[in-house]
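Chemist: The primary structure of each chain is shown beneath.
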Amino acid sequence: MRLGELAEQLGGRPLEGDPELCVQGVAPLETGCPRDLGFVRSTQQAAALGATRVGAVIATQGLDVGGRSAIRSLSPSLDFARAARLLVPARRPGAGIHPSAVVDPRAQVEPSACIGPGCVVGAGSRIGPRTVLLARVTLMEEVEVGADGLLYPGVVVGSDTRIGDRVILQAGCVIGADGFGYEWNERGEHEKVPQLGRVVLEDDVEIGANSTVDRARLGTTRIGRGTKIDNLVMVAHGCQIGAHVLIAAMTGLAGGVTLEDRVIMMGQSGSNGHITIGAGSFVAARSGVVEDLPPGSRVWGFPARPERAWHRQVAWLARLPELARRLRRLERRMGPGGGPREPSE
Amino acid sequence: MRLGELAEQLGGRPLEGDPELCVQGVAPLETGCPRDLGFVRSTQQAAALGATRVGAVIATQGLDVGGRSAIRSLSPSLDFARAARLLVPARRPGAGIHPSAVVDPRAQVEPSACIGPGCVVGAGSRIGPRTVLLARVTLMEEVEVGADGLLYPGVVVGSDTRIGDRVILQAGCVIGADGFGYEWNERGEHEKVPQLGRVVLEDDVEIGANSTVDRARLGTTRIGRGTKIDNLVMVAHGCQIGAHVLIAAMTGLAGGVTLEDRVIMMGQSGSNGHITIGAGSFVAARSGVVEDLPPGSRVWGFPARPERAWHRQVAWLARLPELARRLRRLERRMGPGGGPREPSE
Amino acid sequence: MRLGELAEQLGGRPLEGDPELCVQGVAPLETGCPRDLGFVRSTQQAAALGATRVGAVIATQGLDVGGRSAIRSLSPSLDFARAARLLVPARRPGAGIHPSAVVDPRAQVEPSACIGPGCVVGAGSRIGPRTVLLARVTLMEEVEVGADGLLYPGVVVGSDTRIGDRVILQAGCVIGADGFGYEWNERGEHEKVPQLGRVVLEDDVEIGANSTVDRARLGTTRIGRGTKIDNLVMVAHGCQIGAHVLIAAMTGLAGGVTLEDRVIMMGQSGSNGHITIGAGSFVAARSGVVEDLPPGSRVWGFPARPERAWHRQVAWLARLPELARRLRRLERRMGPGGGPREPSE
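Residue numbers (my numbering), protein chains in the order written: chain A, 3 to 347; chain B, 3 to 347; chain C, 3 to 347.
Some hints here could point you the wrong way.
Just so you know, same-sequence chains aren't split out, so a pair can sit in one copy or run between any two.
[Unchecked claim] Keeping only pairs whose Cα atoms sit at most 20 Å apart, straight-line, the calculated SDA-like set for lysine to any residue is: (1) K194 to P30; (2) K194 to L17; (3) K194 to D263.
To be clear, the hints were calculated from the coordinates, so they are not data collected in a lab.
Computed from a predicted structure; not experimentally measured.
Can you make the complete structure from the sequences, with help from the hints?
Modeler: Below, the structure is given as structure tokens:
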């Protein structure tokens with residue numbers, strides 16, 4: 003693609019240098035070749051421009067790029083992602099049902115959809131236009147998938163799940179397994195509570211590899227529009243996750259948690275069951291939330307505490323041996339005994 | 003089903019209202035319709051009874067249900083679970099081997115069992131009566147599965163595994179992968195230790211989606227009768243897990259851990275290798291156990307400590323900045339230097 | 003195998019007792035039979051020798067084995083692992099492509115390789131000599147697998163992945179899923195950043211069950227030669243993992259982490275993104291690394307601290323209630339008020 007055309011397609015970005023220059027791919031500055039488009043956002047990154055072989059860059063406004071051809075951008079990361087999508091279109095297989103797939107005759111598959119090798123599609127399931135099941139995907143009964151979805155190999159979607167448009171399910175994720183629900187019975191054993199609810203994934207959701215989203219006991223486990231979930235995340239039964247939430251890898255939400263819109267949970271964090279984390283809150287890596295959080299909270303640690311309180315606590319924690327030493331010194335200076343008798347604690 | 007018949011089948015529970023009322027499903031009070039059975043355990047939940055459309059409820063003895071038809075119960079959660087099972091029978095596919103399944107001729111499959119599409123059953127494996135492999139399940143060689151099992155799509159069971167009756171394996175779980183065992187060799191490399199043991203899952207075990215239970219190095223990794231394991235749990239090689247244990251999501255047990263009967267491990271907890279957690283112990287969410295625990299322990303935090311000690315520690319931790327301030331104030335009041343010389347620590 | 007022949011094959015180890023004794027398997031001392039070889043490394047283990055029925059043992063030099071036939075070794079664990087490999091050869095299926103496998107005509111499969119039932123091999127993929135795909139393995143387009151690999155059921159390998167020789171992928175692991183990368187756009191939504199890089203697994207790597215290794219955004223996510231990764235581990239996009247690293251179960255590495263050679267990360271540990279953990283470092287279980295670590299570091303806790311500092315911190319943490327009590331006692335002995343005015347903090 004001509005650089006001038008690319009600048010145009012990105013929304014008419016200002017272009018420096020040769021609009022006729024042809025770029026065919028994207029690459030890091032370190033390894034790119036003259037047909038590649040690079041990306042430079044900071045002065046620090048710009049240092050790599052001396053040695054790079056890339057033909058052109060997308061660069062922050064005003065950054066010195068040493069005379070190289072550049073598309074200028076106020077949001078270079080975003081424009082670079084979009085350029086990548088334009089220059090390197092995703093490989094998508096053609097429409098149709100692979101002969102090795104097992105599609106129940108009571109399922110409905112749009113002619114423009116692709117059902118790859120080894121897939122299994124259960125009775126009553128419906129697959130929307132241009133949606134791709136790559137290989138060895140299993141949809142059980144009455145699963146509905148919207149348009150333009152992309153389901154990677156090994157994905158399992160349980161019965162009655164409803165999936166919106168443009169949803170991406172990475173390999174091996176499991177949507178709609180039974181929630182973890184038991185009751186003690188008269189014999190002192192755990193008796194399974196039937197998990198009769200379902201999962202709804204709204205439009206533009208992405209779920210990471212080997213993550214699991216359990217069906218509700220009775221109602222719905224819901225993942226809101228535009229929410230992105232990383233690998234090996236656990237969303238337990240009955241969670242209500244809002245729109246545009248980000249959940250990083252290995253995070254676990256216990257049953258019935260509500261995440262309001264635009265919450266961010268960083269890696270290996272978690273939440274107790276049946277609490278609400280308010281809109282726009284940020285939960286730091288490895289934090290464990292144990293109580294409701296108001297909108298806009300920023301918490302760290304376990305039990306999770308406000309950011310500043312946690313940082314002070316960690317700092318004093320590191321100084322605990324010193325505090326203990328200073329305390330002992332005071333005790334020695336005060337000498338033995340004396341003073342009022344201490345009540346027992 | 004008639005309400006009177008349902009009350010009878012639940013063990014002759016007392017019934018208020020119309021025994022001829024017909025219920026066909028179960029639902030939350032908020033969304034149920036007149037043909038649904040609801041459930042109310044507490045006065046708080048009973049507040050929703052005003053607006054509900056459900057035809058009848060299972061309710062705690064003595065709770066005011068506003069004149070609605072009610073089955074009274076001393077354990078309403080358990081009875082509701084049982085009612086759900088009676089009213090909404092699980093969908094199970096019919097018996098037989100799907101033509102797309104690959105069953106080794108040396109495997110034995112009971113005629114009443116169901117082997118779904120895309121399943122692979124290895125040589126020497128035996129599948130008991132009425133057991134269902136839903137789709138794309140893999141059993142390797144010499145796997146034995148008892149009666150009335152339910153194996154969800156994508157499950158992988160390694161060779162020589164023995165699985166009891168009524169076992170449920172949720173989608174994507176892996177039973178019998180190699181344990182993580184290496185020895186340093188002369189060249190300073192990790193050399194794999196052959197993992198020659200196996201896994202035994204006793205009757206009534208349930209394993210969650212994408213969880214992994216590794217085979218022992220030589221002997222047996224055992225999950226005892228009635229034990230329930232949630233999603234994304236790791237049970238390493240050689241663990242000995244007792245009966246009626248509960249392990250919540252994302253918990254990790256290192257090699258050779260013993261959990262005695264009825265232990266409860268909450269979400270994201272863990273245990274060091276080769277320790278024993280005594281019968282009936284409770285390990286709180288995100289706790290890490292680092293030493294043997296006597297029966298009946300209740301521990302929190304990492305390193306895990308007794309419940310009360312941990313709570314006091316957390317409370318004082320939050321007050322660390324205040325303690326430090328008070329200490330400094332004392333030092334200022336005492337003035338500089340003086341007192342006996344502090345020995346270095 | 004004759005015991006004398008086994009001692010020879012282990013590198014000419016000294017043998018006590020009957021070289022003609024025939025051993026056919028390996029077993030723990032507790033359950034072995036006379037045809038089994040046992041293993042005893044410590045005086046403590048040697049106590050079990052009284053009751054054992056095993057015919058012979060591999061034993062540490064100089065350890066009293068009560069007159070039993072013994073192969074003597076300076077590294078008995080390693081020699082026992084090797085003996086196990088000699089006595090119990092791994093079951094490997096024969097060469098060839100199972101009729102139920104779907105191999106793209108543009109893929110290249112060595113005649114000595116085995117493609118098991120239900121496998122899917124994409125266009126442009128190449129599979130080396132003697133490599134085994136056991137069952138239901140999916141390789142997408144342009145995947146290269148070297149010689150003598152072993153891929154367990156349910157494994158998914160994304161396009162463009164390059165896998166070296168003698169690599170073992172345990173069941174359900176996912177190599178080459180998209181990294182978790184988004185940019186906020188003008189509409190306040192997360193817009194997916196195309197993940198165009200790939201994954202390289204060097205020779206002798208092993209990846210555990212249901213673990214995930216994401217492809218890089220542009221370049222390469224690399225797992226170095228001889229590195230072993232346990233179950234349910236997350237390696238995010240762009241990580242650079244050196245040679246002979248060990249990563250235990252449930253550990254998570256955020257994007258762009260560098261682990262130099264021979265790092266050990268214990269279970270449920272983690273690392274912030276874009277940091278470097280120096281060669282030979284040890285990260286204890288449940289630790290979270292938040293900054294660069296020099297080679298040879300040993301860290302514990304979260305935020306991770308040097309081993310000794312952490313142990314002292316934990317010890318003082320447990321004594322916090324006592325410190326608080328002592329502080330209060332001093333305050334009472336000093337009496338009310340007085341001293342210079344404390345500045346507000």
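Chemist: Give a verdict on every hint.
Modeler: Going down the list of hints, with the structure as the test:
Taking the shortest Cα distances, K194 and P30 sit within 20 Å of each other only across copies (18 Å), while inside one copy they are farther apart (52 Å). Proximity of K194 to L17 under the C-alpha cut-off of 20 Å is found in neither arrangement, the shortest distances being 64 Å within a copy and 24 Å between copies. In this assembly of identical chains, the alpha carbons of K194 and D263 lie at most 20 Å apart only when taken from different copies (18 Å versus 33 Å within one copy).
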